[in-house]
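Here is what each chain is made of, one letter per residue.
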Amino acid sequence: MIRKDVPMIDVRNIAKYFGSVTALNGVSINVHAGEVMCLLGDNGAGKSTLIKTLSGVHKPSKGEYFVDGEQVDFDSPRDALERGIATVYQDLAMIPLMSIARNFFLGSEPVKRLGPFKRFDVAFADKVAREELKKMGIDIRDPSQPVGTLSGGERQSVAIARAVYFGARVLILDEPTAALGVKQAGVVLRYIAQARSRGIAVIFITHNPHHAYAVGDRFTILKRGQSFGTFTRDELSREEMVRMMSGADELDALSHELEEFARSDELQADRTLSQVEHQLAESLEESEEMFASRGDGS
Amino acid sequence: MTDLTPWQIYDLLNRPKPLWLSGCDLSRSYLKGADLSGADLREASLEGANLEGASLEGANLEGANLQGANLTQANLSEARLVGASLNQAIMVRANLREGLLNNASLLQTNLYEANLRGAHLVSADLTEANLGEASLLRAILKGACLHNASLKGTNLSGATLFEADLEGADLASAHLRGAMKPNGDIYE
Numbered sequence: 001m002i003r004k005d006v007p008m009i010d011v012r013n014i015a016k017y018f019g020s021v022t023a024l025n026g027v028s029i030n031v032h033a034g035e036v037m038c039l040l041g042d043n044g045a046g047k048s049t050l051i052k053t054l055s056g057v058h059k060p061s062k063g064e065y066f067v068d069g070e071q072v073d074f075d076s077p078r079d080a081l082e083r084g085i086a087t088v089y090q091d092l093a094m095i096p097l098m099s100i101a102r103n104f105f106l107g108s109e110p111v112k113r114l115g116p117f118k119r120f121d122v123a124f125a126d127k128v129a130r131e132e133l134k135k136m137g138i139d140i141r142d143p144s145q146p147v148g149t150l151s152g153g154e155r156q157s158v159a160i161a162r163a164v165y166f167g168a169r170v171l172i173l174d175e176p177t178a179a180l181g182v183k184q185a186g187v188v189l190r191y192i193a194q195a196r197s198r199g200i201a202v203i204f205i206t207h208n209p210h211h212a213y214a215v216g217d218r219f220t221i222l223k224r225g226q227s228f229g230t231f232t233r234d235e236l237s238r239e240e241m242v243r244m245m246s247g248a249d250e251l252d253a254l255s256h257e258l259e260e261f262a263r264s265d266e267l268q269a270d271r272t273l274s275q276v277e278h279q280l281a282e283s284l285e286e287s288e289e290m291f292a293s294r295g296d297g298s
Numbered sequence: 001m002t003d004l005t006p007w008q009i010y011d012l013l014n015r016p017k018p019l020w021l022s023g024c025d026l027s028r029s030y031l032k033g034a035d036l037s038g039a040d041l042r043e044a045s046l047e048g049a050n051l052e053g054a055s056l057e058g059a060n061l062e063g064a065n066l067q068g069a070n071l072t073q074a075n076l077s078e079a080r081l082v083g084a085s086l087n088q089a090i091m092v093r094a095n096l097r098e099g100l101l102n103n104a105s106l107l108q109t110n111l112y113e114a115n116l117r118g119a120h121l122v123s124a125d126l127t128e129a130n131l132g133e134a135s136l137l138r139a140i141l142k143g144a145c146l147h148n149a150s151l152k153g154t155n156l157s158g159a160t161l162f163e164a165d166l167e168g169a170d171l172a173s174a175h176l177r178g179a180m181k182p183n184g185d186i187y188e
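Protein sequences, first through last, are from chains A and B. Here my numbering is used: the first residue of the first sequence is 1, the next is one more, and so on. Here my numbering is used: the first residue of the second sequence is 1, the next is one more, and so on.
A couple of the hints might just be wrong.
Said to hold, decoys possible - Here are the simulated distance ranges between beta carbons: (1) B:D3 x A:G186: 57 to 67 Å; (2) A:A123 x B:K17: 58 to 68 Å; (3) B:G153 x A:D5: 32 to 42 Å; (4) B:P18 x A:G186: 19 to 29 Å; (5) A:V21 x B:G153: 28 to 38 Å; (6) A:S237 x B:G153: 28 to 38 Å; (7) A:Y17 x B:L171: 25 to 35 Å; (8) B:N183 x A:G186: 30 to 40 Å; (9) A:A262 x B:G168: 32 to 42 Å; (10) B:Q108 x A:G181: 46 to 56 Å; (11) B:Y187 x A:E239: 20 to 30 Å.
What the hints assert, rightly or not - 30 Å max Cα-Cα, derived DSBU-like pairs, lysine-lysine: (12) A:K112 x A:K135; (13) B:K181 x A:K62; (14) A:K127 x A:K112; (15) A:K52 x B:K181; (16) A:K62 x A:K52; (17) A:K183 x A:K52.
Since the hints were made in silico from the structure, they are not lab data. Every residue gets a Cβ at the ideal spot worked out from N, C-alpha and C, and that includes glycine.
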């Protein structure tokens, strides 16, 4: 679908080289407000390099980068943050032993002044953390509880809520469901949908087509550092997405390998069975001979 | 054949843009060099029309009938042609850059030297189409039918041919580097 409104992020023909290695080659993606754009690709497809380029960690070797229609050239992630582009990485940048509220304000702590002294405003932090998480549909009992006590999905949600509170208009989520179980992944997907309904543009990086299809509006397939198109839901089914991401040769090689394993397992099982049968027959023979010799003796 | 007189067509084309011509019968009309950019031409009939060098940039031609139309060097960049019928149309050197042609019918269409860079042609029917020397750089041809199509010297670099039917297609001297094969693998 061609949208006429200006995309919040629009990168055109981005390339990134590390010496002689081409990590990205001619990748173009864009994301609009209130949209979930999924970036799919297997390991080594170039997803991480692309998000690092979008979030200002890497400078693109080639290509153009527009934010709200204005060309930008980020020198650091802070530049991207100032334009409302927040990235939530897989490790979440959280300290498990610190409270939810402290983690929520990590690096931007609210302070209370008492004469010349400043101290962390616990009451304010607790109140805001609780409210912001409630907006995401998470009802925490105690904002002072350590983040380590939360589940993986809840931790992801705290990181998302934190980014939104600090003014993110574009959220880049780096594999937020990668290490989660089915239920917890569902929780995170719900928060992604909620962020979209609040008008935030979301770039959801994943290698799981099932997760992408559950919330995505458009899907970009990355393979070997190259984009193979951006598809809407009616242009690409989930099954096609899986086949497209894997490639026939790789799947054939894998299924061939698995067949070989199965065959060798079968052979092993047959061998074991015949060995057992043989041993059983031998021991039966031995016992028969023993009984026969006892009978002769008596 | 359209019921509009040449004068009425002239009057129509001089109205404030973008034009709303949805469902209009403009078949066999003379629209050479006309400015129809951004026009709403959904389900319109432009069968056999002369649109040579016309500007249809960003026009909505969803479900339109353009069979046998002459679109030589026409500008159709970012136009929406979903489900349109372009059978036997002449689109030599036409500009269809970033166009949306999903499920369009392009049977025996002449797209020689046409610019289809980044165009979406998902499930489009390009049977026996002439795409010789055309640029399909990074075009999406997922599930497209290219049965017996001519792709001589066509630039398909980085194009997605996933599940496309290439039976009988002539790919002689076509540039396929980095394109996705019908089985999901990549041409080296």
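Inset, instruction - List, from low to high, the hint numbers that the structure doesn't satisfy. - result: 4
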